[in-house]
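Residue numbers (our numbering), protein chains in the order written: chain A, 1 to 321; chain B, 1 to 321.
Don't read these hints as lab results, they were simulated from the structure.
There may be inaccurate statements among the hints.
Identical copies go unnamed one by one, so any copy, or any two together, can satisfy a pair.
Simulated crosslink set (BS3-like; lysine-lysine; CA at most 30 Å straight-line) [claimed, not checked]:
id, residue 1, residue 2
1, K316, K76
2, K114, K293
3, K76, K270
4, K232, K301
5, K114, K232
6, K316, K270
7, K114, K316
8, K232, K76
9, K293, K76
10, K316, K301
11, K232, K316
12, K76, K301
Quantities reported herein were computed from a predicted structural model and do not represent experimental measurements.
Protein chains: 2
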Amino acid sequence: MKDIGMEIPTFDDMLAAHERIRPYVRRTPVRTSDYLNALAGCELFFKCENFQEPGAFKVRGASNAVFGLDEAQAAKGVATHSSGNHASCLSYAAMLRGIPCNVVMPRTAPQAKKDTVRRYGGVITECEPSTSSREETFATVQAATGGDFVHPYNDPRVIAGQGTCSKELMEQIEGLEAVVAPIGGGGMISGTCLTLSTLAPEVEIYAAEPEQADDAARSFRAGYIIADDAPKTIADGLLVPLKDLTWHFVSTHVTDILTASEEEIVDAMKLTWKHLRVVMEPSSAVPLATILKNRDRFAGKRVGVIITGGNVDLDKLPWAK
Amino acid sequence: MKDIGMEIPTFDDMLAAHERIRPYVRRTPVRTSDYLNALAGCELFFKCENFQEPGAFKVRGASNAVFGLDEAQAAKGVATHSSGNHASCLSYAAMLRGIPCNVVMPRTAPQAKKDTVRRYGGVITECEPSTSSREETFATVQAATGGDFVHPYNDPRVIAGQGTCSKELMEQIEGLEAVVAPIGGGGMISGTCLTLSTLAPEVEIYAAEPEQADDAARSFRAGYIIADDAPKTIADGLLVPLKDLTWHFVSTHVTDILTASEEEIVDAMKLTWKHLRVVMEPSSAVPLATILKNRDRFAGKRVGVIITGGNVDLDKLPWAK
Numbered sequence: 001m002k003d004i005g006m007e008i009p010t011f012d013d014m015l016a017a018h019e020r021i022r023p024y025v026r027r028t029p030v031r032t033s034d035y036l037n038a039l040a041g042c043e044l045f046f047k048c049e050n051f052q053e054p055g056a057f058k059v060r061g062a063s064n065a066v067f068g069l070d071e072a073q074a075a076k077g078v079a080t081h082s083s084g085n086h087a088s089c090l091s092y093a094a095m096l097r098g099i100p101c102n103v104v105m106p107r108t109a110p111q112a113k114k115d116t117v118r119r120y121g122g123v124i125t126e127c128e129p130s131t132s133s134r135e136e137t138f139a140t141v142q143a144a145t146g147g148d149f150v151h152p153y154n155d156p157r158v159i160a161g162q163g164t165c166s167k168e169l170m171e172q173i174e175g176l177e178a179v180v181a182p183i184g185g186g187g188m189i190s191g192t193c194l195t196l197s198t199l200a201p202e203v204e205i206y207a208a209e210p211e212q213a214d215d216a217a218r219s220f221r222a223g224y225i226i227a228d229d230a231p232k233t234i235a236d237g238l239l240v241p242l243k244d245l246t247w248h249f250v251s252t253h254v255t256d257i258l259t260a261s262e263e264e265i266v267d268a269m270k271l272t273w274k275h276l277r278v279v280m281e282p283s284s285a286v287p288l289a290t291i292l293k294n295r296d297r298f299a300g301k302r303v304g305v306i307i308t309g310g311n312v313d314l315d316k317l318p319w320a321k
Numbered sequence: 001m002k003d004i005g006m007e008i009p010t011f012d013d014m015l016a017a018h019e020r021i022r023p024y025v026r027r028t029p030v031r032t033s034d035y036l037n038a039l040a041g042c043e044l045f046f047k048c049e050n051f052q053e054p055g056a057f058k059v060r061g062a063s064n065a066v067f068g069l070d071e072a073q074a075a076k077g078v079a080t081h082s083s084g085n086h087a088s089c090l091s092y093a094a095m096l097r098g099i100p101c102n103v104v105m106p107r108t109a110p111q112a113k114k115d116t117v118r119r120y121g122g123v124i125t126e127c128e129p130s131t132s133s134r135e136e137t138f139a140t141v142q143a144a145t146g147g148d149f150v151h152p153y154n155d156p157r158v159i160a161g162q163g164t165c166s167k168e169l170m171e172q173i174e175g176l177e178a179v180v181a182p183i184g185g186g187g188m189i190s191g192t193c194l195t196l197s198t199l200a201p202e203v204e205i206y207a208a209e210p211e212q213a214d215d216a217a218r219s220f221r222a223g224y225i226i227a228d229d230a231p232k233t234i235a236d237g238l239l240v241p242l243k244d245l246t247w248h249f250v251s252t253h254v255t256d257i258l259t260a261s262e263e264e265i266v267d268a269m270k271l272t273w274k275h276l277r278v279v280m281e282p283s284s285a286v287p288l289a290t291i292l293k294n295r296d297r298f299a300g301k302r303v304g305v306i307i308t309g310g311n312v313d314l315d316k317l318p319w320a321k
């Protein structure tokens with residue numbers, strides 16, 4: 001284990017997380033579409049994390065953190081910053097445990113995501129839509145409340161929780177040869193690496209990223225973390241940069257990082273809504289967009305795809321005129 | 001058994017249908033939402049027939065008819081008239097068996113539904129959007145092709161097939177006290193009655209209908225079939241009237257028929273997209289609309305809801321400005 005100043009979660013941590021969070025998360029179904037399979041030239045198995053009650057896989061890591069707190073810390077609650085779904089999911093988990101949750105969100109975050117945080121009793125403090133503003137604002141909020149900082153992805157409890165998703169996927173679908181998940185800060189991908197590197201090391205792990213927020217792809221090629229302060233993409237869940245813990249997993253276990261344009265992401269999103277008939281957000285469409293763009297790489301394979309979230313503003317769909 | 005000039009399908013027919021169609025249809029998952037439960041004041045279990053490959057429960061009845069044909073008739077194929085999903089699903093089943101399928105559709109049917117029929121190799125002949133025009137045009141098409149007429153609902157093979165949906169629902173969810181499904185011609189409701197009247201006669205069966213196409217509700221109260229020629233509602237799957245076979249089941253086993261306004265249907269549709277995160281068509285939103293309108297009747301109960309279909313034109317969503 002490299003010394004990166006933080007505990008790297010283990011496979012056993014992931015197993016413990018799955019036991020801990022079982023009462024609070026759903027074992028989400030896997031959807032298939034013959035039409036999309038024919039289009040992609042491979043067999044796609046979509047793990048529907050958008051079907052979690054708060055609409056995103058992040059309820060896994062958030063629940064693992066919240067329900068792992070001792071009573072003294074739980075009384076002070078939790079705090080975080082997030083572009084959206086982590087905020088909703090942490091608020092949701094905190095509501096289930098009955099403890100306070102403070103979140104810092106960019107003022108530009110979709111209204112649907114702010115509404116969800118508030119519905120679950122989360123208290124929002126708004127910041128500018130940049131990593132620097134977010135971190136400054138958070139420091140102030142966290143100091144004032146004493147809430148335990150549950151980072152949206154660079155936290156071993158969170159990564160262990162996210163890893164439970166691919167554990168379920170492997171239990172649900174036999175013979176997977178690759179898994180593709182979106183990458184923002186890298187929490188889902190790190191959890192996937194954590195689980196599959198022990199459970200099924202032969203399975204290839206692809207991270208999918210918007211071209212317009214391709215800091216992880218550039219980091220992967222450069223061999224060190226490259227962070228952009230304020231990228232712009234419709235995939236608003238993927239704006240944040242890698243951090244040391246997630247970089248550890250990405251640099252060690254990821255097969256490749258593939259990118260897609262904004263238009264390709266919207267096309268893939270609409271295809272999924274139409275043929276899988278599930279509501280998912282733009283970030284969740286990036287994997288299919290990259291698969292359709294890299295048919296040779298996936299030809300004939302059995303490919304798991306993580307649909308990470310489904311919190312989208314139905315009044316502002318990206319294909320609306 | 002009353003003599004209604006047609007064979008009334010039996011519980012054993014439904015069981016045989018389930019065996020026959022098993023390779024061609026999906027055992028669809030059941031979705032829940034804590035949010036919608038709180039809103040409705042009861043426990044809702046949504047059976048996602050929109051997740052069938054061709055996007056609707058009608059693949060059950062269509063597959064039962066198509067795969068039950070003898071070789072001689074199969075060579076001539078099948079023919080039908082339908083406001084949309086039966087046409088798609090019959091085309092799909094015929095494609096799986098490799099036989100011809102001719103369908104008569106109203107020219108006003110959603111483009112998405114016409115596209116789906118053609119994708120599955122169905123040949124469309126258009127008619128005016130009225131029951132009378134539909135039946136006239138169909139007689140011409142059917143005489144020309146010799147295809148076996150698979151009526152969208154008034155056919156014992158079709159009703160037996162649709163009944164497999166509530167059989168699965170009862171296997172998936174314990175202790176259901178009521179089931180609510182949309183009613184147009186009555187195929188799904190009849191299949192539900194067929195199955196539950198034997199399997200779980202204590203379960204209440206509610207049919208849900210648009211106020212603007214409430215012919216089934218008026219029939220139910222009058223005690224005889226009332227048919228409107230060309231009702232207008234956003235729930236375009238529910239435009240057709242009851243026929244003798246479906247009237248038999250509706251008049252014998254249905255607890256009540258509830259109605260909802262166009263606005264209530266659109267609101268329920270949007271609620272479902274947002275909180276269940278599934279793409280469903282307006283017809284499928286009528287049950288939730290009626291449940292939210294009749295809270296007292298369902299208070300505290302465990303209620304199954306059939307999401308009948310998910311073929312919707314994403315470019316013409318009813319809440320778009």
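Kindly indicate which numbered hints from before are broken by the structure, ordering the numbers from low to high.
-> 1, 3, 4, 8, 9, 10 and 12
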